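In the order they appear, the protein sequences are chains U and B.
Per this note's numbering, the very first residue in the first sequence carries number 1; after that it's consecutive.
Per this note's numbering, the very first residue in the second sequence carries number 143; after that it's consecutive.
Simulated from the structure, these hints should not be mistaken for lab results.
Just so it is clear, the structure is predicted and the values come from calculations on it, not from any experiment.
Incorrect hints may have been included.
[Said to hold, decoys possible] Computed list of lysine to aspartate or glutamate pairs in EDC-like fashion (alpha-carbon distance at most 16 Å, straight line):
#1 U:Lys-129 - B:Glu-240
#2 U:Lys-140 - B:Asp-581
#3 U:Lys-18 - B:Asp-382
#4 U:Lys-109 - B:Glu-226
#5 U:Lys-129 - B:Asp-382
#6 B:Lys-549 - B:Asp-581
#7 U:Lys-28 - B:Asp-467
#8 U:Lys-45 - B:Asp-382
#9 U:Lys-18 - B:Asp-239
#10 U:Lys-45 - B:Asp-504
#11 B:Lys-509 - U:Glu-51
#12 U:Lys-28 - B:Glu-240
#13 B:Lys-480 - U:Glu-32
#14 B:Lys-700 - B:Glu-722
#15 B:Lys-311 - U:Asp-72
#16 U:Lys-13 - U:Glu-32
#17 U:Lys-128 - B:Glu-168
#18 U:Lys-13 - B:Glu-168
#19 U:Lys-128 - B:Asp-581
#20 B:Lys-348 - U:Glu-51
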Amino acid sequence: MIRFIILQNRQGKTRLAKYYIPLEESEKHKVEYEVHRLVVNRDPKFTNFVEFRNHKVIYRRYAGLFFSLCVDITDNELAYLESIHLFVEILDHFFSNVCELDLVFNFHKVYLILDEFILAGELQETSKKAIIERMGELEKQE
Amino acid sequence: MNPFSSGTRLRDMIRAIRACKTAAEERAVVRKECASIRAAISEDDPDYRHRNLAKLMFIHMLGYPTHFGQMECLKLIASPGFPEKRIGYLGLMLLLDERQEVLMLVTNSIKQDLNQTNQYIVGLALCALGNICSAEMARDLAPEVERLLQFRDPNVRKKAALCTIRIIKKVPDLAENFINPAAALLKEKHHGVLLTGVQLCTEICKVSTEALEYLRKKCITGLVKVLRDLTNSPYAPEYDISGITDPFLHIRLLKLFHVLGHGDADASDTMSDILAQVATKTETNKNAGNAILYECVATILSIEDNGGLRVLAVNILGRFLSSRDNNIRYVALNMLMKAIALDSQAVQRHRATILECVKDPDASIRKRALELVYLLVNESNVKPLTKELVDYLEVSEAEFKGDLTAKICSIVEKFSPEKIWYIDQMVKVLTQAGNYVKDEVWHALIIVITNAPNLHGYTVRALYKAVQTAGGQETLVRVAVWCIGEYGEMLVGNSGMLDVEERINVTEADAVDVIETAIRCHSSDLTTRAMCLIALLKLSSRYPSCTKRINDIILQQKGSLVLELQQRAIEFNSIIERHEKIRSALVERMPVLDEATYSGRRAGSVPAAVSTSQGALPKIPNGVVKPASAALVDLLDLSSDADQAPSSSGGDYLQDLLGVDLAPASQGTNQTDKRGADVLLDLLSIGAPPAQSSSSMLDMLSSGQDNKSAVGMLDNLASPSAPSAQASSPGASSSMMDLLDGFGPSPSVPVAETNGPTYPSIVAFESNSLKITYKFSKEPGNPQTTIIEAQFVNKSPDIYSNFVFQAAVPKFLQLHMDPASGNILPESGNGSITQKLRVSNSQHGKKSLVMRMRISYKANDKDVLEEGQVNNFPRGL
């Protein structure tokens, strides 16, 4: 299962953090700091998987943002790498060429998209089209 | 608009915060906003609640505390409108988690929302529940969720399914209720619901064996069909990723098969076809395909054995290994570690590729590959593998060297086929990465070296050469210094050369140079310097010509600020200058260190697979064996024996003065037992050194003579025995340490012809098992000295081995013993042992001889000790 998802920029500012396990605030900050340190210095030629405490962090860098997923040791890393990419594609489609500022000013929408994509630490929907349509329906409810 | 009123739009607040140039500014802005939000909360203002919570969430994301907003979430959730509920749930998930008690208050609201008809609201509630519910909430709301698993809208169904996963994780007992609905989900057509249904079933099977059984019986064929349809399905644009339709669903189905097939042969059978199809048909040029293949391999390796499938799986992993993509290689290495447990042969085929991965620039890949290589090593491939690893050690990075060194040493120790190879490899490792080698490892190396006497010359020469080039590796220097100290004469004399060696010209001065460099080098630590000092002492005896120079070097350490070095320097200096006679005895060859005892003492010891080339390990009399590590680091190595030569000095040692434990083990082909352990602690009586230690070891390989030490029962008069006849310098006989005046060495004179009056022989001792007869003769012109020929006869039907005779005499007598003719006494008088003793009576004529004796031997694997006193000497001796 996914334990948390973190989006950070190169300076370490967290743009999105969703935890599927209970953690204290201070622990959350610590985790974010450590994950940032782990991924920001890695050479791009290296693998996208890093050991983190007793779990694994699967990360990928898109422009200035690091998308990090923390999963259990036994999970399929390649699959989660694909899911990161799918999420980015969804964001890209939703915000039309998404950039970091979009994510900053519309953070509540990003969370909503995330909640349509992943729930309880597992994948909920794999069709980009379905998720975008759903977001559209939800917007109409507002 | 006042930017700081509670009416600030979210967007404006974000802009204002981003415009701050310093942290202090940002804190000020945030504080103002929080204040106005707090004010709005206390006014219970409904209009801007929505916006305020959004602002609060942003502030929370920046890292500021926002507890005061938690109740706002609850109020928003309780509102009837969708937008409020939405932001309320969002806030709830962000600001709260399951451990907070406030969460309980939401239970009722959630329950109501779950029962609504508006699927969007139901969806919101399920989402919140699935992400953060606690165990109590799970229990309370499980029935609702169960009902929702069959809701008409697929979005709700899939959320309900995932929510159920969390519920059964929190409350496993509830799993039974969900088995049927979960199984029903597997028949769904909608991918999203199917996906979540599959995930739910996987979870349920992990938690409940009942579910596992049920699903195995009822659903496997259905699932196989689903996967088959999926694999064969035509292009579906909605779910297509890199040419594969919904790879995530593929992967989840494979995971479910993993759980269902593990431990069940029938299930494994049913799924083997589709697994083979997936394994062979999936495209591998994109990550999505590889992800599916990876999952497929993982499943194949965990279900019950189907030979063909396993081979297929390992081959896929082999292909992954040669991929250029680091990610793929990493996962392949991971999975191979699992595969090696199941089918090590198949993995061996990919050994070369794995070895390549050890040299990869990526640290995680290197680590994985090294562990895998370690698992792959066996007797047949150890040599080429080690060669590769040692070659790589040269070029590897510093932080990897430690790991690599440890693994190489471990492999070499476990699997080395012969000693010379072991020594070679270790010298190479020490040269490259000596500083990373752990203490136990080089201690073990030294033990192996002592156990390989035919390799001593080779080893010391190899180490000498190595230390010329790699003097910076401290461990190498230590081992080299020890060996040069021990086998210095072999280094200079080129003795014991093997065919593969070339002659090298090393003078004594060169050898001393090495040690001098080591001791002077400022980076040498205490252990190294201490070992240098001992080695120098040994060399002063083995290289007599260098004694002055060695003494000078030692003298320099006299003023060392480290107590240990100072003490050693002073003591050794004293030995060199004033106690020449016993020096060679002190620094004789170390006895062979007992591997078994030593490796038993090491924590987590690797079994000493390197067997000794000699016969059995030495017997340890009285159980006093110094572990090698102590031997090396402790003070004076007092050896009493050469490796092979059983000739021993007396086992009397300088005990308290130099604070040394014994290393009494002597190794002889006939397993001489050393009585030397019988040291009377207060008697600082010293054993006579046998042959000069500078004589080559081969010379020491004299007859298997047993030497005994006289146990000085009485003060001052232990008469040690001289070694075999070739020793031309008999040692000093007894002396006290401090008064090392040394008696004049009594030359080992061959037994004189019997001149002078003859004396009748006596039976010195007789028991049920043994009889000792003394025959007397006197040297011409020397009435005070009597030569006794003792004869030992075995009266019992058992053979005695390790036969040792010891004698002691009162102060006015002086006793000197020659080696016995042997130490095996055949049974029932079929043979005998003879031994010559020489007694000098300073009170000749006034007092007659008297003697106490102690005999020890081994019969029937038991040690026997007999004692007696001889009072019936003829008068006038």
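So, going through the hints one by one against the coordinates:
Taking the CA atoms of Lys-129 (chain U) and Glu-240 (chain B), the gap is near 32 Å; set against the 16 Å cutoff, the hint is violated. Taking the CA atoms of Lys-140 (chain U) and Asp-581 (chain B), the gap is about 72 Å. The hint is violated against a cut of 16 Å. Our distance criterion of 16 Å between C-alpha atoms is broken by Lys-18 (chain U) and Asp-382 (chain B), whose separation comes to about 27 Å. Restraint check for Lys-109 (chain U) and Glu-226 (chain B): the C-alpha separation of about 14 Å stays at or below 16 Å, so the hint holds.
Taking the CA atoms of Lys-129 (chain U) and Asp-382 (chain B), the gap is near 11 Å; set against the 16 Å cutoff, the hint holds. In summary, the hint linking Lys-549 (chain B) to Asp-581 (chain B) is supported, as the alpha carbons are separated by about 14 Å, within the 16 Å threshold. Using a Cα cut-off of 16 Å, the hinted pair Lys-28 (chain U) and Asp-467 (chain B) is violated, with the two alpha carbons roughly 32 Å apart. Proximity of Lys-45 (chain U) to Asp-382 (chain B) is assessed by CA-CA distance (about 28 Å); at most 16 Å being required, the pair is judged violated.
Restraint check: the Cα-Cα separation between Lys-18 (chain U) and Asp-239 (chain B) comes to about 11 Å, which is no more than 16 Å; the hinted pair holds. A C-alpha spacing of about 8 Å is found between Lys-45 (chain U) and Asp-504 (chain B), which places the hinted pair at or below 16 Å, so the restraint holds. Our distance criterion of 16 Å between C-alpha atoms is met by Lys-509 (chain B) and Glu-51 (chain U), whose separation comes to about 12 Å. With a C-alpha separation of about 15 Å, the suggested pair Lys-28 (chain U) and Glu-240 (chain B) falls inside the 16 Å cut-off, and the hint holds.
For the proposed pair Lys-480 (chain B) and Glu-32 (chain U), the alpha carbon gap of about 32 Å is over 16 Å, so the pair is violated. Between Lys-700 (chain B) and Glu-722 (chain B) the CA atoms are separated by roughly 19 Å; this puts the pair beyond 16 Å, and the hint is violated. Distance check on the hinted pair: Lys-311 (chain B) and Asp-72 (chain U) sit about 15 Å apart at the alpha-carbon level, within 16 Å; holds. Simply put, Lys-13 (chain U) and Glu-32 (chain U) have alpha-carbon atoms about 9 Å apart, close enough for the 16 Å limit, and the pair holds.
For the hint pairing Lys-128 (chain U) with Glu-168 (chain B), the CA-to-CA distance comes to about 37 Å; that exceeds 16 Å, so the pair is violated. Annotation: proposed proximity of Lys-13 (chain U) to Glu-168 (chain B) holds, straight-line Cα distance about 14 Å (limit 16 Å). Restraint check for Lys-128 (chain U) and Asp-581 (chain B): the C-alpha separation of about 59 Å exceeds 16 Å, so the hint is violated. Proposed proximity of Lys-348 (chain B) and Glu-51 (chain U) is contradicted: the alpha carbons are some 25 Å apart, above 16 Å.
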